[in-house]
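All chains should be built: construct the whole structure from the sequences, respecting the hints.
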Amino acid sequence: EDQVTQSPEALRLQEGESSSLNCSYTVSGLRGLFWYRQDPGKGPEFLFTLYSAGEEKEKERLKATLTKKESFLHITAPKPEDSATYLCAVQELGAGNMLTFGGGTRLMVKP
Amino acid sequence: NAGVTQTPKFRILKIGQSMTLQCTQDMNHNYMYWYRQDPGMGLKLIYYSVGAGITDKGEVPNGYNVSRSTTEDFPLRLELAAPSQTSVYFCASRRDSLAFFGQGTRLTVV
Chain A
1 EDQVTQSPEA LRLQEGESSS LNCSYTVSGL RGLFWYRQDP GKGPEFLFTL YSAGEEKEKE
61 RLKATLTKKE SFLHITAPKP EDSATYLCAV QELGAGNMLT FGGGTRLMVK P
Chain B
1 NAGVTQTPKF RILKIGQSMT LQCTQDMNHN YMYWYRQDPG MGLKLIYYSV GAGITDKGEV
61 PNGYNVSRST TEDFPLRLEL AAPSQTSVYF CASRRDSLAF FGQGTRLTVV
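Line by line, the protein sequences give chains A and B.
For the first sequence, the numbering used here gives the first residue as 1, with consecutive numbering after it.
For the second sequence, the numbering used here gives the first residue as 1, with consecutive numbering after it.
Treat each hint with caution, since some may be false.
Unchecked claim - Part of the chain A face toward chain B, derived, beta carbon under 7 Å:
# : residue
1 : P44
2 : T49
3 : F72
4 : A84
5 : N97
6 : G102
Keep in mind that the hints were calculated from the coordinates and are not lab data.
Ideal Cβ placement from N, Cα and C applies to all residues, glycine included.
What follows is the structure in structure tokens.
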């Protein structure tokens, strides 16, 4: 059973059209939830870490939120340069230093 | 700082050949990781290390080996390459909640 599930798999938006990406997780205890951005042919780039339900983090047009079962990455008025794959990962209590990644959401923003 | 550096960027191997993927970091991080990423999939952990001389298996360690003789270097060894090992391999290092990834090595086994 997948511990981390991201939806949708792909999302096409017009420039300026706000939307949200979802990351659902099932772990017995959450140590941290991480969001990364990955551009084609490159390694993931760290965006946010969230530790507890109710926590929010913001960076430019991105805002990440966390509940006990899922996290959302809200994108406000996206631009074409926001096009990328967004990855979510969880670190479970008692799982040492392992991160479990979701399958990612491929975001395409058209001008 | 160069961050996390992986070599080579691309490689084609024949079935049964062996090779070493190199990874080095200059941030003095204790934690280092090797992941593989298959098309449309998330990253799967192969091996990780919490410091020089200490390594441990991740989710998908079969067919791979690692060593960590120094803080800086964490090479990944494939002994008998198989088509199932065709993938993109990422090395990462971590301090606290921040993980830094290399640019990846795209490996094809034919």
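When the least beta-carbon distance from A/T49 to chain B is tested against 7 Å, hint result: holds (4 Å)
Restraint outcome when A/N97 is required to lie within 7 Å of chain B by C-beta distance: holds (6 Å)
Agreement of hint A/A84 with chain B interface, Cβ distance less than 7 Å: Violated: closest Cβ of chain B sits about 14 Å from A/A84, beyond 7 Å.
Supplied contact hint for A/P44, tested at 7 Å Cβ to chain B: holds (5 Å)
Interface hint compliance - A/G102 to chain B, C-beta minimum distance less than 7 Å: Holds. Min distance 5 Å.
Agreement of hint A/F72 with chain B interface, Cβ distance less than 7 Å: violated (18 Å)
Hints 3 and 4 from the earlier list are contradicted by this structure; the remaining hints agree with it.
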